[in-house]
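First to last, the sequence lines map onto chains V and D. 164 is the number that this note's numbering gives to position 164 of the first sequence; each next residue is one higher, with no gaps. 81 is the number that this note's numbering gives to position 81 of the second sequence; each next residue is one higher, with no gaps.
If you're looking for bench data, these hints aren't it; they were derived computationally from the structure. Where is the CB? At the ideal position from N, CA and C, for every residue including glycine. Any given hint might turn out to be false.
Simulated pairs of lysine to any residue, SDA-like, Cα-Cα distance not exceeding 25 Å [stated by the list, open to error]:
#1 D:K145 - V:L189
#2 V:K179 - V:G116
#3 V:K282 - V:H119
#4 V:K205 - D:R110
#5 V:K205 - D:E109
#6 D:K144 - V:H119
#7 D:K123 - V:G287
#8 D:K145 - V:W204
#9 V:K205 - V:S267
#10 D:K145 - V:L208
#11 D:K144 - V:I137
#12 V:K205 - D:R229
#13 V:K60 - V:S267
#14 V:K54 - D:K194
#15 V:K54 - D:E89
#16 D:K123 - V:R193
#17 V:K205 - D:A99
#18 D:K123 - V:T136
#19 D:K144 - V:S267
#20 V:K282 - D:R106
#21 D:K144 - V:T202
#22 V:K205 - D:K194
#23 D:K144 - V:F78
#24 D:K194 - D:E135
#25 V:K205 - D:Q85
#26 D:K123 - V:W204
#27 D:K144 - V:K179
#28 D:K123 - V:W200
#29 D:K145 - V:A104
#30 V:K205 - D:R106
#31 D:K144 - V:L187
Derived coverage of chain D by chain V (criterion: at least 3 residues anywhere in the stretch with Cβ under 8 Å from a Cβ of chain V; other residues may be distant) [said to hold, decoys possible]:
#32 94-105
#33 216-223
Examples of chain D residues lying across from chain V (beta carbon under 8 Å, computed) [said to hold, decoys possible]:
#34 L69
#35 P72
#36 E86
#37 R88
#38 F142
#39 K144
Spelled out, the chains give:
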Amino acid sequence: MTDRLSDKLLPVTVLLLGILAAWYVGSYAMNAPFQRDLDRRAGETPSFSQFVVKTMTQPKPTLPAPHQVAQNFFENTFLRKVTSNRSLVYHAGITLSSTLAGFAIGTLLGILIAVGIVHVTALDRSLMPWIITSQTIPILALAPMIIVVLAAVGITGLLPKALISTYLSFFPVAVGMVKGLRSPDVLHLDLMRTYNAGRWETFWKLRLPASVPFLFASMKVAVAASLVGAIVGELPTGAVAGIGAKLLNGSYYSQTIDMFSALVAGSVVAALLVAAVGLVGKLVERGMGGRPA
Amino acid sequence: MSLPNAATFSAVQIPVVEASGLGLTFETGDGQVHALSNVGLTIAKGEFVSFIGPSGCGKTTFLRVIADLEQPTAGSIIVNGMSPQEARERRAYGYVFQAAGLFPWRTIERNVALPLEIMGYSKQEVGERIHRTLELVNLIGFEKKYPWQLSGGMQQRASIARALAFDADLLLMDEPFGALDEIVRDHLNEQLLKLWARTEKTICFVTHSIPEAVYLSTKIVVMSPRPGRVTDVIESDLPPERPLDIRESPEFLAIAARVRDGLRAGHSYED
Chain V
1 MTDRLSDKLL
11 PVTVLLLGIL
21 AAWYVGSYAM
31 NAPFQRDLDR
41 RAGETPSFSQ
51 FVVKTMTQPK
61 PTLPAPHQVA
71 QNFFENTFLR
81 KVTSNRSLVY
91 HAGITLSSTL
101 AGFAIGTLLG
111 ILIAVGIVHV
121 TALDRSLMPW
131 IITSQTIPIL
141 ALAPMIIVVL
151 AAVGITGLLP
161 KALISTYLSF
171 FPVAVGMVKG
181 LRSPDVLHLD
191 LMRTYNAGRW
201 ETFWKLRLPA
211 SVPFLFASMK
221 VAVAASLVGA
231 IVGELPTGAV
241 AGIGAKLLNG
251 SYYSQTIDMF
261 SALVAGSVVA
271 ALLVAAVGLV
281 GKLVERGMGG
291 RPA
Chain D
1 MSLPNAATFS
11 AVQIPVVEAS
21 GLGLTFETGD
31 GQVHALSNVG
41 LTIAKGEFVS
51 FIGPSGCGKT
61 TFLRVIADLE
71 QPTAGSIIVN
81 GMSPQEARER
91 RAYGYVFQAA
101 GLFPWRTIER
111 NVALPLEIMG
121 YSKQEVGERI
131 HRTLELVNLI
141 GFEKKYPWQL
151 SGGMQQRASI
161 ARALAFDADL
171 LLMDEPFGAL
181 DEIVRDHLNE
191 QLLKLWARTE
201 KTICFVTHSI
211 PEAVYLSTKI
221 VVMSPRPGRV
231 TDVIESDLPP
241 ERPLDIRESP
251 EFLAIAARVR
261 DGLRAGHSYE
271 D
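Construct all of the structure, not just a fragment, from the sequences and the given hints.
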């Protein structure tokens, strides 16, 4: 039973307000020591309320206040030209392009691996442990290696970042599709046997349609992982452009407000991507005879 | 049109299924399960044979052996003059399962079309056959609906239509009406008899309902468990025209009593 938007609105709003309140308290607490230092050196003795305001308006705070982040985000998203390299839209676009490329390749790779595992016993036994092991290697360590190795072969730009995204996104799709391709009832498999249907026909007419809900569920996870991969892929290259680059540059120059702004931009992109995959999934399911919940 | 009955068969008996000394033993974790033991049976063309017995008596297993969904471990069985595997490869039978087993992502007409697509019929033939079989089961008008929009009884009728679509002469039905309520079941029993008269197929019907078995069949095979075996084979002498209230007639009750005796003899009513 899915909740209507109005049912979810109140609890989510209350939660958000709670988080904002905690954030403001955190801002005050974390920026206070530096502010006290500043005031002592300048010889100022502000009142408590003035002090609080000062902690919320530092140019390079330890923990930016929500309104500072909101202002920076608004400025760099809506008030800047999209082609400017201070525009969050520009950087988000760069990250998005490698995310989508990596996601597309990763999904395809995941599906092919799953089809192989389900139909070839040798692959079933040998491949699964390896692809699980592959995911235990920390991507932060692997990403620079991939970038450097590919640069040595002359491949730079979008492809290395897309490959890191692929690496992170093929796994959920592979695992989900294996489950999905094996999901049909024994009854349905027996039915196909009574028609003397071959393996290919059983795959095309039974296993593949049955696996569609599993595919979209795992694609939601995969697209979020793909975005993480794209951001991580931008860090080692000396960070020229993209959300990851913005994060890294912010940390070099202590521009914490910029960093948080970039984080918010990344989250917005992730939320939009997952929602988009979810929407496509719903449409496909409706076209495949799913009952409206 | 008249329904065939046992009397017409004594003249021309073309065996569709011939089992002799058939046995099937499952090796399970805690010992052997003798699902079938020394089953000998002949089913002639055009007969309506019911298999009745308690759970574990091997009736579904026997049906699955005919369908080559299980392989026997002893004895022999011939379907349409060939091995069950060859019969399955030539699509010699239609199988109706206990649950309708329709694909939820296909409409009713695409579900009925499933075997026809696999067997390579032309588009025009497919359309024609869908219409013909849906008309046989009274589901015209529901072609574009999805299974979840149909009741259990209607889904099962669609499943029967699917089994009839490719004109196999043998129909294997495994407790198709078991999950439905009695009123729908009576209605579908009537429809099934009319369908059988129209299509003149050989039907093997597994049930655990004595009235259903006696009402539908020309021959009743009583089976009992542990090990699964045939206790009695009863040739029904009921008339070909069978309105539903034949079930209160003395002849009907006599046959039902014989079935019950057979079940009792096979220890089906004991723990």
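Now the hints, each set against the structure:
1. A hinted pair counts as satisfied when its Cα atoms are at most 25 Å apart, and K145 (chain D) with L189 (chain V) qualifies at roughly 23 Å.
2. For the hint linking K179 (chain V) to G116 (chain V), the alpha-carbon distance of about 13 Å falls within 25 Å, and the restraint holds.
3. Restraint check for K282 (chain V) and H119 (chain V): not satisfied, since their Cα atoms lie roughly 28 Å apart, outside the 25 Å limit.
4. A C-alpha spacing of about 11 Å is found between K205 (chain V) and R110 (chain D), which places the hinted pair at or below 25 Å, so the restraint holds.
5. Restraint check for K205 (chain V) and E109 (chain D): satisfied, since their Cα atoms lie roughly 15 Å apart, inside the 25 Å limit.
6. For a cut-off of 25 Å, the pair hint linking K144 (chain D) to H119 (chain V) is broken: about 33 Å separates their Cα positions.
7. Distance check on the hinted pair: K123 (chain D) and G287 (chain V) sit about 22 Å apart at the alpha-carbon level, within 25 Å; holds.
8. Annotation: proposed proximity of K145 (chain D) to W204 (chain V) holds, straight-line Cα distance about 22 Å (limit 25 Å).
9. Between K205 (chain V) and S267 (chain V) the CA atoms are separated by roughly 38 Å; this puts the pair beyond 25 Å, and the hint is violated.
10. Restraint check for K145 (chain D) and L208 (chain V): the C-alpha separation of about 21 Å stays at or below 25 Å, so the hint holds.
11. At most 25 Å may separate the alpha-carbon atoms for a hinted pair to count; K144 (chain D) and I137 (chain V) exceed this at roughly 50 Å.
12. For the suggested pair K205 (chain V) and R229 (chain D), the alpha carbons sit about 38 Å apart, so the restraint of at most 25 Å is broken.
13. Of the supplied pair hints, the one linking K60 (chain V) and S267 (chain V) holds, its CA atoms being roughly 22 Å apart against a limit of 25 Å.
14. Distance check on the hinted pair: K54 (chain V) and K194 (chain D) sit about 90 Å apart at the alpha-carbon level, beyond 25 Å; violated.
15. For the hint linking K54 (chain V) to E89 (chain D), the alpha-carbon distance of about 83 Å lies beyond 25 Å, and the restraint is violated.
16. A distance of roughly 23 Å separates the Cα atoms of K123 (chain D) and R193 (chain V); the hinted pair therefore holds under the 25 Å criterion.
17. Taking the CA atoms of K205 (chain V) and A99 (chain D), the gap is near 19 Å; set against the 25 Å cutoff, the hint holds.
18. With a CA separation close to 51 Å, the supplied pair K123 (chain D) and T136 (chain V) exceeds the 25 Å bound.
19. Distance check on the hinted pair: K144 (chain D) and S267 (chain V) sit about 42 Å apart at the alpha-carbon level, beyond 25 Å; violated.
20. For the proposed pair K282 (chain V) and R106 (chain D), the alpha carbon gap of about 16 Å is at most 25 Å, so the pair holds.
21. Proximity of K144 (chain D) to T202 (chain V) is assessed by CA-CA distance (about 23 Å); at most 25 Å being required, the pair is judged to hold.
22. Straight-line distance between C-alpha atoms of K205 (chain V) and K194 (chain D) comes to about 33 Å, which puts the hinted pair past the 25 Å bound.
23. Taking the CA atoms of K144 (chain D) and F78 (chain V), the gap is about 48 Å. The hint is violated against a cut of 25 Å.
24. The hinted pair formed by K194 (chain D) and E135 (chain D) meets the criterion: a straight-line CA distance of about 13 Å does not exceed 25 Å.
25. In summary, the hint linking K205 (chain V) to Q85 (chain D) is supported, as the alpha carbons are separated by about 22 Å, within the 25 Å threshold.
26. For a cut-off of 25 Å, the pair hint linking K123 (chain D) to W204 (chain V) stands: about 19 Å separates their Cα positions.
27. Annotation: proposed proximity of K144 (chain D) to K179 (chain V) is violated, straight-line Cα distance about 30 Å (limit 25 Å).
28. A threshold of 25 Å between alpha carbons decides the hint, and for K123 (chain D) with W200 (chain V) the separation of about 21 Å falls inside it, so the pair holds.
29. The hinted pair formed by K145 (chain D) and A104 (chain V) fails the criterion: a straight-line CA distance of about 34 Å is larger than 25 Å.
30. Between K205 (chain V) and R106 (chain D) the alpha-carbon distance is near 10 Å, which keeps this suggested pair within the 25 Å criterion.
31. A distance of roughly 23 Å separates the Cα atoms of K144 (chain D) and L187 (chain V); the hinted pair therefore holds under the 25 Å criterion.
32. With a cut-off of 8 Å between beta carbons, the stretch 94-105 of chain D has 8 residues touching chain V; three or more are needed, and the interface restraint holds.
33. With a cut-off of 8 Å between beta carbons, the stretch 216-223 of chain D has 0 residues touching chain V; three or more are needed, and the interface restraint is violated.
34. The interface hint given for L69 (chain D) holds, since its Cβ lies 6 Å from the closest Cβ of chain V, which is under the 8 Å cut-off.
35. Annotation: P72 (chain D) was flagged as interfacial toward chain V, and the flag is violated, the nearest CB pair being 17 Å apart, outside 8 Å.
36. Given hint, E86 (chain D) at the interface with chain V, is violated; its Cβ is 10 Å from that chain's nearest Cβ, farther than 8 Å.
37. Look at R88 (chain D): its Cβ gets to within about 6 Å of chain V, closer than 8 Å, so that hint holds up.
38. Checking F142 (chain D) against chain V: minimum C-beta separation of about 13 Å lies over 8 Å; hint violated.
39. A hinted interface residue such as K144 (chain D) counts as satisfied when its beta carbon comes closer than 8 Å to some beta carbon of chain V; here the least separation is about 10 Å, so the hint is violated.
Comparing the model with each numbered hint stated earlier shows that hints 3, 6, 9, 11, 12, 14, 15, 18, 19, 22, 23, 27, 29, 33, 35, 36, 38, 39 do not hold.
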